[in-house]
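There are 2 protein chains.
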Amino acid sequence: MTAATGRSPVQAILDALHARYAGVRDGAVASYIPELAKADPDRFGICLATADGHVYEAGDTRHEFTIQSISKPFVYGLALDDHGAEFMRGKVGVEPSGDAFNAISLHKATGRPVNPMINAGAIATTGQVKAATPEERLARILGMFARYTGRPMRVDADVYESESRTGHRNRAIGHLLRNFDVLEDDPTAAVDVYFRQCSIAVRCVDLAVMGATLANQGINPVTGVRAIEDANVEHVLSVMASCGMYDFSGGWIDTVGMPAKSGVGGGVLAVLPGQLGIGVFSPRLDEQGNSARAKLVCEELSRIWQLHQFNPPSSPRSSLRLSWTAAERGSTRSRHAAECACLRDEGGRIRVVEVQGNLAFSTTESVVREIMARPAGTRAVIVDFHHATAANEAAARLFATLAAGVAADGTAIFFTHARHLADLPGRMAASGEAGGDVERLFRFPSTDQALEWCEDELLCEWMPARSAWAGDLRGFEIAAGLDDAEIGILGRLLERRTYAEGDLVVRQGDEAAGLFLVTRGRVGVWLGEPGAGARVASFSAGTMVGELAFIDGDRRSANVVAEGTVECAVFDVGDFRRLAETHPRIHAAILRNIAAALATKLRRANRQISVLGAQVP
Amino acid sequence: MTAATGRSPVQAILDALHARYAGVRDGAVASYIPELAKADPDRFGICLATADGHVYEAGDTRHEFTIQSISKPFVYGLALDDHGAEFMRGKVGVEPSGDAFNAISLHKATGRPVNPMINAGAIATTGQVKAATPEERLARILGMFARYTGRPMRVDADVYESESRTGHRNRAIGHLLRNFDVLEDDPTAAVDVYFRQCSIAVRCVDLAVMGATLANQGINPVTGVRAIEDANVEHVLSVMASCGMYDFSGGWIDTVGMPAKSGVGGGVLAVLPGQLGIGVFSPRLDEQGNSARAKLVCEELSRIWQLHQFNPPSSPRSSLRLSWTAAERGSTRSRHAAECACLRDEGGRIRVVEVQGNLAFSTTESVVREIMARPAGTRAVIVDFHHATAANEAAARLFATLAAGVAADGTAIFFTHARHLADLPGRMAASGEAGGDVERLFRFPSTDQALEWCEDELLCEWMPARSAWAGDLRGFEIAAGLDDAEIGILGRLLERRTYAEGDLVVRQGDEAAGLFLVTRGRVGVWLGEPGAGARVASFSAGTMVGELAFIDGDRRSANVVAEGTVECAVFDVGDFRRLAETHPRIHAAILRNIAAALATKLRRANRQISVLGAQVP
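Protein sequences appear in the order of chains R and W. Position 336 of the first sequence, counting from 1, maps to 336 under the working numbering, and the rest follow consecutively. One rule links them: number in the working numbering = place in the second sequence (from 1) + 617.
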């Protein structure tokens, strides 16, 4: 099926903003180099890319212009990837200067530029990109931008020529940096690469995707390619936040509330970490050198969509999806009525906590708090990660410490449905907090399996003498209301069979020829190949399997497999039908008992539905 | 039941950090006024408060010290509440200065201090707090801090005396501000209130709760009291981020990544917006005037728990809880088999989208995108807010635009279970985007009611001629497999009854005496008083109600009420039992049919369980 038509509400707002601000003619195109002065001042594009890679565009989002100073934080990121944050802090500071972007703000003694967003800091940064030759350095920089944008990048030759012809102040900075040994090689080569880096052609949509890449922990969400090490993203965004918008950096954080960088080519790139990137392109600049329309657009987007990073909605508890006990919803094991009654009474001692979304400190802390507040006497906690999308190191550490503490309290704890969180067990082990074998915590792949095991443990504790009913027909619900003589008649109709571990008791697709009373052991019900498909239920001694054969006589809908040695008493459907003629009272009683069993299962299913649909506490 | 014992993983880390850094003796207690020099240098407290009001403490978290410069952003917030951000920007800037905290950084022409975190800006800010007298001004400041901390606040008289005796530089600043008319009244009075404000006694735990209040959109999460207008929180945190940590502000954002403020009393307050507040107290200061241990603690907390605000996990999709169609899970209405078959075939045209957590721009955008991507031919969308905890204006605006767009496409859209989001309909209406009557969107309180209505509409469209079966016994599943003669016998046993709107068909608690075949109209099933309790199911023409009376004969578990004019054919349980003797074949067939009906309901319930337990797409 194709998707319905219609314009997204997000698109509608971008279109409206574009229409509203297209009329703004404030500011002037940059003219300090001749080539920039040629820009069409009316060009105007707005683009938003989400951290999961959806792109919204309005206006001239595919028109090329030069990146200029927007290159600075990205090349800083490349240098951080090459050398690490500690080394780079020795070369370039991270404090706002209060001076103009082209001021030669070097530390008097060390010559260290105050930050990488002023020209001196940017040139020093470019000089740190690892390369044997200037050509290789430029190629690495272009390659880095290609990872951020998802397309090959190139230098605009005309703008580069223009920059190079007029860039004497930047050459002076290069020589001063060489004088202080901040640059270690030929400074003219570093300055030349810097001119080329500023002349790279980008489009508004590129800026948004670059921003979304920083919002997405360094991975381009459209292509899936990593553009910068995760650990360095925060350093890049920090210098954008503290000194990305020239002398309006404090005002920008105050009014827009997103780390951002502007360039004299008319581009502005803003990032809402974890959420989205914004690109705006409009060449007319205001007095501080920032695109005038871009400032208005970003301020309004921040206002109407409440994107200011310092006043988000609070997040706690949104990762706690559901918390329930085995008394409310048991495993898929069918058990004898006496066992079911015991689990209804004591099942509150087994707690399942389902988490969802991205697990980081705050979201995990609320889950951990829920588990810490479990009632005294809780025997087991199962943490179900089925709906979790990721768990970072902080979450892994909290879960590791939690597991050690809960286990020390004598409560079993299992982590289930975590196969897609491949890093989680390793991270928990690496934290050194888990206090034992992390593998054991993950030994049950599914909550159902963990729950079944925990129920068995609980039954061992609370009904040590169960299994007395195993061989006695009187214990089966199918025989309810029959007197001894009638049970004798029924018993003589049953065929005793024994199965070894792994034997097929019922084969999927076969004609349904009988009902199985499990008199010893346990059988598992599998959709598809046993061991390969899904184990959807199990039945232990005292329960019956396959009663629908007596009702609708369809073919078997699943495989039933012996788990260990199993004994069954089999009731043939033909024998049952003949009872209608020979012993109508027994026939009717059995029919009624089967209907009652179905009614019980239906009530149980309805209880599960109400648990599953329940409000998070 | 009491909670299990054991130490929280969060507590364990705070204790470990406290133990590790208690040995650090770097830095020196502030000595510029005699009273501060008396502080015990070994005091050390660490406190973390979550945005939902849970407090973790380690060390000297209840020891009092003076707030000093940490008062500045909070008094700035009070002035913002009094005058608004625009007015305050005219009095005090928001740019980092690059100068020392006590520099007299005033704009040359206007005398405007560069930001409210330097002394000049703070004194100018204190002077703006609305009050008729200096006493009232101090009282308002103390009252404001009491809302943030949840306890009465007081000035430490000794420290105030000491500040006042030695504060000549600050008095000079006051006179300069008066000279520029930034202060409009007696500057010595403003400076005196400023000395007192800096001498307010706080505790480490107070700082954490103050931080959590800013993290929680201005509402103290422990007391529920609002301390600052929501809209001003971002302005307070912005100046903390850009200039809160003296000349280490850029470095702090780089390494810690949380807006923060320190004071020479040894306190540091840090905020992770939306998530938590941190307070650390240790009087030894480093060269930049920040508590040396607090810096180490905050850097380590940020590192191990990955709290850096500029590199959070990405959030998209975590607010989309579940998306399903009426083909997978219908309303609680029981319908005739032919209608059920139609809804299985066409129910995919009705889509239910369950959202959860805090709905803001990014989280709502992903929900909106899911709805925009609905297949062509979708007749209705139901957005279920049962698990949503909040929806801000941005979310309301997106939902309003979405509703207008979806409706324009010819798809019905309903918002259900939104009663706890009291602001949502008003915010949607206020956005002017909803394009019609917002009330109509919310007219069904529950998803079940909306679903039932949408199913009825779908059946009108796809089965315009249904109801042919209404009076004919042959259409009821209970009569399956009976020949005409047998149906004649069954028909003569049934008693026809007619009910008017609101009549009780079955009363909860009554003995179950019969089974009802609904031959016309619809009945609703209510737990508790009809209209007041919960309507848990409904049955329309062609279905049967109360068949469990034939199986287990318990008392009625619910009230059944006629919704409009209803006709039923009633089958008495005594008549049914007598059939076992008089017509055993009919009796057995009916029993089998009831068992089959239960089996069908069980399969449907199991399908619902698998939908409810399903992975988010």
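By construction, these hints were calculated from the structure, which means they are not laboratory data. Treat the hints loosely; a few may be bogus.
Here are the simulated DSSO-like pairs of lysine-lysine, each with C-alpha atoms no more than 30 angstroms apart in a straight line [what the hints assert, rightly or not]:
hint : chain 1 : residue 1 : chain 2 : residue 2
1    : W       : K725      : R       : K601
2    : R       : K108      : W       : K725
3    : W       : K747      : W       : K725
4    : R       : K130      : R       : K108
Calculated Cβ distances over 12 angstroms to all of chain R for the following chain W residues [claimed, not checked]:
hint : residue
5    : D669
6    : S919
7    : R1113
8    : A1186
Stretch by stretch, here's where chain R covers chain W in the computed footprint (C-beta under 8 angstroms, at least three residues) [as the list claims (entries may be wrong)]:
hint : region
9    : 889-899
10   : 965-977
Source: prediction; values computed, not measured. Ideal placement from N, C-alpha and C gives every residue a C-beta, glycine not left out.
Hints and how they fare:
{"no.": "1", "hint": "K725(W) x K601(R)", "result": "82 angstroms, violated"}
{"no.": "2", "hint": "K108(R) x K725(W)", "result": "25 angstroms, holds"}
{"no.": "3", "hint": "K747(W) x K725(W)", "result": "27 angstroms, holds"}
{"no.": "4", "hint": "K130(R) x K108(R)", "result": "27 angstroms, holds"}
{"no.": "5", "hint": "D669", "result": "4 angstroms, violated"}
{"no.": "6", "hint": "S919", "result": "9 angstroms, violated"}
{"no.": "7", "hint": "R1113", "result": "26 angstroms, holds"}
{"no.": "8", "hint": "A1186", "result": "21 angstroms, holds"}
{"no.": "9", "hint": "889-899", "result": "holds (count 5)"}
{"no.": "10", "hint": "965-977", "result": "holds (count 5)"}
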